[in-house]
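Asks: Join the two chains, each given in its own frame, into one complex according to the hints.
In order, the protein sequences belong to chains A and B.
182 is the number that the numbering used here gives to position 182 of the first sequence; each next residue is one higher, with no gaps.
Each number in the numbering used here corresponds to the 1-based position in the second sequence with 1000 added.
Simulated from the structure, these hints should not be mistaken for laboratory data.
Cβ coordinates follow ideal geometry from the N, Cα and C atoms, glycine included.
Watch out, some of these pointers could steer you wrong.
Cβ-to-Cβ under 10 Å is the rule here; a few derived chain B residues that face chain A [said to hold, decoys possible]:
{"no.": "1", "residue": "Pro1184"}
{"no.": "2", "residue": "Ala1291"}
{"no.": "3", "residue": "Asp1296"}
What follows is a set of in silico ranges between Cβ atoms, one per label pair, in the way DEER data are often shown [said to hold, decoys possible]:
{"no.": "4", "chain 1": "A", "residue 1": "Pro220", "chain 2": "B", "residue 2": "Asn1067", "range": "54 to 62 Å"}
{"no.": "5", "chain 1": "A", "residue 1": "Leu268", "chain 2": "B", "residue 2": "Asn1274", "range": "30 to 38 Å"}
{"no.": "6", "chain 1": "A", "residue 1": "Leu268", "chain 2": "B", "residue 2": "Ala1068", "range": "17 to 25 Å"}
{"no.": "7", "chain 1": "B", "residue 1": "Phe1115", "chain 2": "A", "residue 2": "Pro256", "range": "49 to 57 Å"}
{"no.": "8", "chain 1": "A", "residue 1": "Asn255", "chain 2": "B", "residue 2": "Gln1064", "range": "38 to 46 Å"}
{"no.": "9", "chain 1": "A", "residue 1": "Asp129", "chain 2": "B", "residue 2": "Ser1082", "range": "36 to 44 Å"}
{"no.": "10", "chain 1": "A", "residue 1": "Glu225", "chain 2": "B", "residue 2": "Asn1067", "range": "57 to 65 Å"}
{"no.": "11", "chain 1": "A", "residue 1": "Pro256", "chain 2": "B", "residue 2": "Glu1365", "range": "34 to 42 Å"}
{"no.": "12", "chain 1": "A", "residue 1": "Gly350", "chain 2": "B", "residue 2": "Asn1352", "range": "43 to 51 Å"}
{"no.": "13", "chain 1": "A", "residue 1": "Leu268", "chain 2": "B", "residue 2": "Asn1067", "range": "53 to 61 Å"}
{"no.": "14", "chain 1": "B", "residue 1": "Ser1082", "chain 2": "A", "residue 2": "Ala175", "range": "51 to 59 Å"}
{"no.": "15", "chain 1": "B", "residue 1": "Gln1064", "chain 2": "A", "residue 2": "Gly316", "range": "46 to 54 Å"}
{"no.": "16", "chain 1": "B", "residue 1": "Ser1082", "chain 2": "A", "residue 2": "Pro220", "range": "53 to 61 Å"}
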Amino acid sequence: MKNVMGIIHHKKDEDAFRELTKHRCIAAIPFGGKYRLVDFPLSNMTNAGISNVGIITSLKLRSLLGHLGTGKEWGLDRKHDGLFILPAASEKNKRWLDLEDIYANQDYIVNSNQEYVLLSGSNIVCNIDLRKVFAYHCEKKADLTIIYGEGYKFLPQDVARGVYLKKGVNGRITAVSIGTPVENGVVCMDMYLFKKSFLLQLLQECSDLGKCDFISEVLPLKLKEMKIYGYAHEGYLGIVNSWQSLYKHQMDLLNPKVWQELFFAKGLIHTKLKDGPPARYCEKSEVHNVFASPGCLIEGKVENSILFRKVIIGRGAVVRNSILMPRVEIEENVTLDGVILDKSVRVKKGAQLISSDENPVIIEKNIVIGGGL
Amino acid sequence: MKRKECIAMLLAGGQGSRLRVLTKNLAKPAVPFGGKYRIIDFSMSNCINSGIDTVGVLTQYKPQVLNAYIGEGSAWDLQCYSRDGGVTILPPYVSEDGGEWYLGTAHSIYQNLEFIDKYNPKYVLIISGDHVYKMDYSLMLKEHKAKNADVTISVVEVDWEEAPRFGIMNTDENGRINEFKEKPAHPQSNLASMGVYIFNWSSLKEYLEKDVADNNSAHDFGKDIIPLMLREKQKLYAYRFQGYWRDVGTVESYWEASMDVIDDHDFLNYFDNNWNIFSAPVLQPPHYIAAGAKVDRALISDGCWIDGEVEHSIVFPAVLVGKNAKIKDSIIMAGAQIGQGARIEKAIIGENAVIGKNSFIGSEEITVIEDDQKLKENSQIGCMLNLNKVEKKKAEEIKELLG
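Isolated chain B, as found in the complex (with noise of 0.2 Å):
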């Protein structure tokens, strides 16, 4: 095999539960994104993009969706058939003295020392596939290099207010970590970790075995790893990234990134054809827009049907959205129907599910509507739903204000 000087291993394992029902059938890196993406697809092309032609995959939590999304690798020519490199899904399995399931991040990196071994990298790339950003790695390893750092975190600036969700890094005039703290309640800092790490392999080899022999830890690279390698007086840096980046954990901050997307052009820009985002593309016919209806700041997908109005929102694949229905700011996913006359606000409709005729999806919160969910004709589904008197009396004023 020959010998790969950065080769990723992205982690995608994780369920996402704040994702609610989004991620109830896959894996959060396959929940569809932006009308024709899912979000692994951000993280995979970014990885092509930078010259990093092979890359890990570690799956554990309902990963079908994921492993069929994937397949051979050639939506991003990363094809596992590529004689060095390529892409590898790597479940977690069982070996002569047993195995087990990936019980961190770490320790999911732990199980597959072999297949890293087998590329003898110099540099290891440590990813996650649940973050909307467009970013060239080998930037970021040129900084490593230079520094002759032993981890680099790549780092983003947030809002102060929003510092105490991330990981927060405190760093000297150099960038030198000399601190980090998981979510912090009074943050010094507002540079937080976008869960993108460089680590010389032999040294993070090193720590893992430690890290796996210590029946007290987490096996997570946030809370274990990285805290022992600063106690330990390793040189960890952070790099900086100027630009969109976007952690889609939770249904308000997918819902959030994906009204960013329809607002900023230049994000999905498909005549940028230095940074494309590559996705494995359906077979649909191109949608047609009917004479009465109305699209205004809205992203429509192939195969959809569109008869009624559609504002500032997100259209999959084969939707068919019926006469004078009304979306706004909302996601509707592959294949929902939306009946006649049916109004959705803020609300993201999950794939295939169908909204009868003149129903009414919306309120103030977001609301989701599971896959596969079939709605009656006049349903009304929102939060308010689940309201008391006086909230109700709120909840009617706001239908009105909804028309």
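Okay, chain A solo, but in the shape it has when bound (with noise of 0.2 Å):
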């Protein structure tokens, strides 16, 4: 894989995160107790033996910035090649792939060494062998090879940002929608895998013909020119679009097949390092179905919820079906269900809060709840 480069592309869509993304990037969004987005596709791409990343970010990048460093932890703190971050063209728009941000880098694309591209979403929650990727798209002498999960159900709010893919014989993809479900649930997995100079065309068309997106406006005219391959993907699949679909497929890492297979299976999703003791439970604490990370601390009751870094649980709390970010505070005799609390957030003595719906409640980062005024 030494002959592939790796690009992260800007996904634009922030709103759908609500208040997560007020501070960050979708990138560097935190998931699963102590990973950020970016940490799946950056390391399916360096377990493979990429060596050369560019990721796209937008200005909200300093959480992104602090969490990827040098690239240490992903072998990307390299003489040649490395980790490259890269400006977007542009902040927000409609676009689900934008041609402009990566026709703005062009020239990082041109210099460096490697023959081929693998295109990668930032919001895509999986463990992949890239290698075999590769090794199948030089078997089919493909111009492009689109990597597709089956049998993907996305959540009914999501749908219309799905993009689906239809399989034609030999594994060719022949067509594409948005937002309309196909047989199947093929979903394309917004990573594609081509030649450089395929990707240097599209970006002077995008210039030239200002066809900007390529799932919209370059991938339906090209599926009969090209020759496009779909390679299927097995395995666990979590399509991160919105603030529910977050908690859902963190939801999923509680189901043990998940873990296994998301964490151990085909290689370690890297991730920034930090210090901290392991995680303390105390007398009288009771959890069961919980993923916790170092450095909590832990006296009440949890069940069946992610716990990052840092949290506290207080004595005589109870905590269901809930996220807790670095460094949540939760006080005595406090009971919540069903929220997502992001960074440092603290709920005060004896305050409830509890999801009406199957859909979690969002705090926002650094809010204090409860304790009268």
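Replies: Structural data, given as structure tokens:
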């Protein structure tokens, strides 16, 4: 895979994540106790031996930059190649995959030594062996290989943002549709492999003809004239398109099979490593079906939940079906059910926060809840 | 090279044979502790937290794991490639005149005179990598300077019954040491040496040169250098350390210190940002506590899968605990697998050991299972295996007591 470079493109539909993207880009949304969304595509690339990765990001990049650092955790702190942070051409628009963003960084692509490009979205939670995709791509002599998931069901509110594919014989992709489910639920995983020359040609057309969205404007036109193949990803897949699916896919981690598959099966998912003692469970703590991280201090009761680093659960508190991000503090006798608390939220003594339907309640970073006026 | 006021020399070459199989494959400072640390993390973190940015680590006994763990020193922000200082690993070496193993603690420092001279420090802090404690060396250095001492030795009060196990200092009312006794039968004081010394480099160098010429010397700080300096009326002062300090040199003290860490919520407190204990983190996903699991007073690390009961124990990363397994008062090292229905009590289970289903491990004494041991189903291991008939009956009773 030395001959492949990676590009992680900038997802622009930040509004779908409400308060969670107020201070961060989608790539930097915390996920699964100690990760951020970008860890999955990035680790998949570096686990396959890709050593040159560009990440396109918007201006809300502080948490992303802090997380990526020099790229050391992914082995990207290198003399040759390594990690490159690339600016997006525009902050927000309706495009699924904005070629203008890539066009703006054309020099980086031209100057890279690799012959192939793996382009990926930042919101795809999976553990995939990209070496197999590359072998498939070469075997088929494809112009473009799109990685897809089969039998995938979007949440109702995510369907409109879903990109579906139609498979023909021999694995060729024959049609692409947006927002209309197809039989067998073949969904585009927003991961593409092609030759650099192919990408540069697309970028030229994008600039000449003004066709800037790869999914809605370019791909449908290319299906006939080019050899576009699909590669089926087997194993867990989470396409995180909204705050609802963010909640759902994290809750999926409580399934032992998913835990095993996502974190151990093909390669470890790398992330920024931090110091901190093991989680401490105190006397009278009751914990069932919980995914917990270092530095947590648990004195109360926790069920069916994800605890990020340094979360404190006070005595007599009951936490169910919730996701608590780093440094959340739950004081004594608090009751929580179905909530996502962003970083450093504090819930004061005796407060209750219970979701009334299947959707979680989201509380923005640093908010203090309860305790009267 | 920029002159340093004080550099640290960390003695990490000891075998630590009293830790039995825990040091079979690695040096004592590299022994894992507290769920995600190694013992050396405490001394290394104390150095950087005290503002000492140059540390020489003297290694000799089975250093591979330790060397790999220290790496470039970035876990403690002591990068070896930083322009001045950082961590340097110092193994014994040969030169034009031949070479030899480190014959004792003092000799190991003597062999590295050139390394220390390179920094030309005013003071040298000598510490070892086998104690669990949080200490601000800068306060000790301040007192060393204030008293205009030749040597300052950090001491801690120990129980009088324990005192005969330690090197004991007798001091006058100003804290000046007038006598040093290694493991005295009838101690006159309960101030034990913590193995933390501050020397003035110029005088230490002189004494090291004197010591190396003495064929009767064991070349040890406690046995030779300190007594010699006392005889020659040098100014040796005791610095009283207040706080938790444990020598974890035996299986028993290692186990007790581990249990202390479970009970004392403040010692390994992540929320204490003033004195973090740093370590080289391992990449593992968060741990999972299954619906049927029970966890009571325990430290659990990343990557674990807990489906059984864990009580008053420390669990290192990537440990699997099967359904209905029960672990009590124990330390489970990284990567170990505890089969369904197994019972483990008062034991230390080595790295990557596999304990078969329904096995029974434990007795009144601490049981240690070696790294990579594979125990079949229904294995029974404990001190009771070596007992005679009368004692076996007693052991059966213990077994019943344990359920």
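Asks: Given the range 46 to 54 Å, decide if the beta-carbon distance of glutamine 1064 of chain B to glycine 316 of chain A lies inside it.
Replies: 49 Å, holds
Asks: Report holds or violated for the interface hint on alanine 1291 of chain B, using the least CB-CB distance to chain A and a cut-off of 10 Å.
Replies: Constraint on alanine 1291 of chain B satisfied, holds at 4 Å.
Asks: I want to verify a distance hint. Is the separation of the beta carbons of leucine 268 of chain A and asparagine 1067 of chain B within 53 to 61 Å?
Replies: With a Cβ separation near 23 Å, leucine 268 of chain A and asparagine 1067 of chain B fall outside 53 to 61 Å, so the hint is violated.
Asks: Take a look at whether the Cβ-Cβ distance between proline 256 of chain A and glutamate 1365 of chain B falls inside 34 to 42 Å.
Replies: Taking Cβ atoms as reference, proline 256 of chain A and glutamate 1365 of chain B lie about 36 Å apart, which means the hint holds.
Asks: Confirm or reject the claim that leucine 268 of chain A and asparagine 1274 of chain B have a C-beta distance inside 30 to 38 Å.
Replies: 33 Å, holds
Asks: How does the Cβ-Cβ distance of glycine 350 of chain A and asparagine 1352 of chain B compare with 43 to 51 Å: does it lie in that range?
Replies: The hinted range 43 to 51 Å holds for glycine 350 of chain A and asparagine 1352 of chain B, with Cβ atoms some 46 Å apart.
Asks: Cβ-Cβ distance between proline 220 of chain A and asparagine 1067 of chain B: within 54 to 62 Å?
Replies: 58 Å, holds
Asks: Taking the Cβ atom of aspartate 129 of chain A and the Cβ atom of serine 1082 of chain B, is their distance within the range 36 to 44 Å?
Replies: Check passed, 38 Å falls within 36 to 44 Å.
Asks: Measuring from beta carbon to beta carbon, are asparagine 255 of chain A and glutamine 1064 of chain B in 38 to 46 Å?
Replies: For glutamine 1064 of chain B against asparagine 255 of chain A, whose Cβ atoms are near 39 Å apart, the range 38 to 46 Å holds.
Asks: Min Cβ distance, aspartate 1296 of chain B to chain A: is it shorter than 10 Å?
Replies: 6 Å, holds
Asks: Can you let me know if the beta-carbon spacing of leucine 268 of chain A and alanine 1068 of chain B is within 17 to 25 Å?
Replies: Taking Cβ atoms as reference, leucine 268 of chain A and alanine 1068 of chain B lie about 18 Å apart, which means the hint holds.
Asks: Do the beta carbons of serine 1082 of chain B and proline 220 of chain A sit within 53 to 61 Å of each other?
Replies: 55 Å, holds
The structure fails to meet hints 1 and 13 from the earlier list, while all remaining hints are met.
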